[in-house]
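Peer 1: Taken in sequence, the protein lines are chains L and E.
If you read the first sequence in the numbering used here, its first letter stands for residue 277, the second for the next number, and so on.
If you read the second sequence in the numbering used here, its first letter stands for residue 3, the second for the next number, and so on.
Any given hint might turn out to be false.
As the list claims (entries may be wrong) - Here are the in silico distance ranges between beta carbons for each label pair:
#1 L:Thr352 with E:Pro20: 48 to 58 Å
#2 L:Ala371 with E:Lys72: 17 to 27 Å
#3 L:Lys335 with E:Gly5: 12 to 22 Å
#4 L:Pro284 with E:Lys13: 32 to 42 Å
#5 E:Thr7 with L:Pro356: 27 to 37 Å
#6 E:Thr28 with L:Ala371: 19 to 29 Å
#7 L:Arg381 with E:Thr22: 26 to 36 Å
#8 L:Phe322 with E:Lys13: 22 to 32 Å
As the list claims (entries may be wrong) - Cut-off 25 Å, straight-line C-alpha distance, at most; resulting in silico cross-link-like pairs (PhoX-like, lysine-lysine):
#9 L:Lys344 with E:Lys55
#10 E:Lys59 with E:Lys72
#11 L:Lys335 with L:Lys318
#12 L:Lys373 with L:Lys345
#13 L:Lys318 with E:Lys13
#14 L:Lys318 with L:Lys333
#15 L:Lys345 with L:Lys355
#16 L:Lys344 with L:Lys318
#17 L:Lys344 with L:Lys373
#18 E:Lys59 with L:Lys373
#19 L:Lys333 with L:Lys355
#20 E:Lys72 with L:Lys339
These are calculated hints, taken from the structure and not from any lab test.
All values reported here derive from a predicted model rather than from experimental measurement.
Don't be surprised by glycine CBs; every beta carbon is placed ideally from N, CA and C.
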Amino acid sequence: EDQVTQSPEALRLQEGESSSLNCSYTVSGLRGLFWYRQDPGKGPEFLFTLYSAGEEKEKERLKATLTKKESFLHITAPKPEDSATYLCAVLPMGAQKLVFGQGTRLTINP
Amino acid sequence: DAGITQSPRHKVTETGTPVTLRCHQTENHRYMYWYRQDPGHGLRLIHYSYGVKDTDKGEVSDGYSVSRSKTEDFLLTLESATSSQTSVYFCAISERTSGNTIYFGEGSWLTVV
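Here chain L stands alone, though its shape is the one from the complex (with noise of 0.2 Å):
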């Protein structure tokens, strides 16, 4: 069964406390991973796409990592406006249908 794991639950960091997000997948194959950033209220907002094992990219102060069985997203120097709760979600190999995480609660103290 595919399924998604995120740690921690919740994160609290100081303003300009780096830290890194944990994304654990189990698939029967990967066609893409999925970075989310969601605000209370709001629907979720695309953050990044990771395609394979070694990948990265960067957005600001996040930078999300692939490797065959996790996903980090780091993030380097945050703002309180970096509070929010970032999800995680697979597309499995063959399907058109994501796997969600239950998410990372964020909170930056300023």
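Given the coordinates of chain L, work out where chain E should sit on it, guided by the hints.
Peer 2: Positioned in the frame of chain L, the structure of chain E alone reads:
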């Protein structure tokens, strides 16, 4: 902005009444989805569509039906609303030419009393 409009954005309805949520897209994408999001369960797929009149069930389809008569519109109907269907509902779209990325709408908050 992913070109997705959901309506209504907020609705309160009574148990046993039918409810229809509408998703409208301006991107001409082939795939459309309905998800629900609940605390402790995350995002769960209800139904999806891979073309006009082509739909399939997701993991939590019981009590829901969908219709897609035009590329741009995907309707989700709760035939007889129950309190367990109180949730936030998200419509999403994707197209293989965009790398299968799925884009979400802003959500429809439904309360069944």
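Peer 1: None of the hints should be skipped; say for each whether it holds.
Peer 2: Verification of the hints:
Taking the beta carbon of each, threonine 352 (chain L) and proline 20 (chain E) are about 50 Å apart, inside 48 to 58 Å as hinted. Separation of alanine 371 (chain L) from lysine 72 (chain E) is about 25 Å and conforms to the stated range, judged on CB atoms against 17 to 27 Å. Checked against the hint of 12 to 22 Å, the C-beta distance between lysine 335 (chain L) and glycine 5 (chain E) comes to roughly 21 Å, which is consistent with it. As the Cβ distance of proline 284 (chain L) to lysine 13 (chain E) is approximately 34 Å, the hint placing it in 32 to 42 Å holds.
Taking 27 to 37 Å as the suggested C-beta distance range, the pair threonine 7 (chain E) and proline 356 (chain L) conforms, at roughly 30 Å. For threonine 28 (chain E) paired with alanine 371 (chain L), a C-beta distance near 26 Å keeps the hint of 19 to 29 Å intact. Distance hint check: the CB atoms of arginine 381 (chain L) and threonine 22 (chain E) are about 32 Å apart, consistent with the given range 26 to 36 Å. The given range of 22 to 32 Å is respected by phenylalanine 322 (chain L) and lysine 13 (chain E), whose C-beta atoms sit roughly 26 Å from each other.
The suggested pairing of lysine 344 (chain L) with lysine 55 (chain E) is violated, with an alpha-carbon distance near 37 Å, which exceeds 25 Å. Taken as a hint, the lysine 59 (chain E) and lysine 72 (chain E) pair is honoured in the structure, with Cα atoms around 19 Å apart against an allowance of 25 Å. For the proposed pair lysine 335 (chain L) and lysine 318 (chain L), the alpha carbon gap of about 20 Å is at most 25 Å, so the pair holds. Among the hinted pairs, lysine 373 (chain L) with lysine 345 (chain L) is consistent with the structure: their alpha-carbon atoms are about 19 Å apart, no more than 25 Å.
For the hint linking lysine 318 (chain L) to lysine 13 (chain E), the alpha-carbon distance of about 16 Å falls within 25 Å, and the restraint holds. Between lysine 318 (chain L) and lysine 333 (chain L) the alpha-carbon distance is near 24 Å, which keeps this suggested pair within the 25 Å criterion. Of the supplied pair hints, the one linking lysine 345 (chain L) and lysine 355 (chain L) is violated, its CA atoms being roughly 29 Å apart against a limit of 25 Å. Simply put, lysine 344 (chain L) and lysine 318 (chain L) have alpha-carbon atoms about 31 Å apart, too far for the 25 Å limit, and the pair is violated.
A C-alpha spacing of about 20 Å is found between lysine 344 (chain L) and lysine 373 (chain L), which places the hinted pair at or below 25 Å, so the restraint holds. For the hint linking lysine 59 (chain E) to lysine 373 (chain L), the alpha-carbon distance of about 11 Å falls within 25 Å, and the restraint holds. With a C-alpha separation of about 19 Å, the suggested pair lysine 333 (chain L) and lysine 355 (chain L) falls inside the 25 Å cut-off, and the hint holds. Among the hinted pairs, lysine 72 (chain E) with lysine 339 (chain L) is inconsistent with the structure: their alpha-carbon atoms are about 38 Å apart, more than 25 Å.
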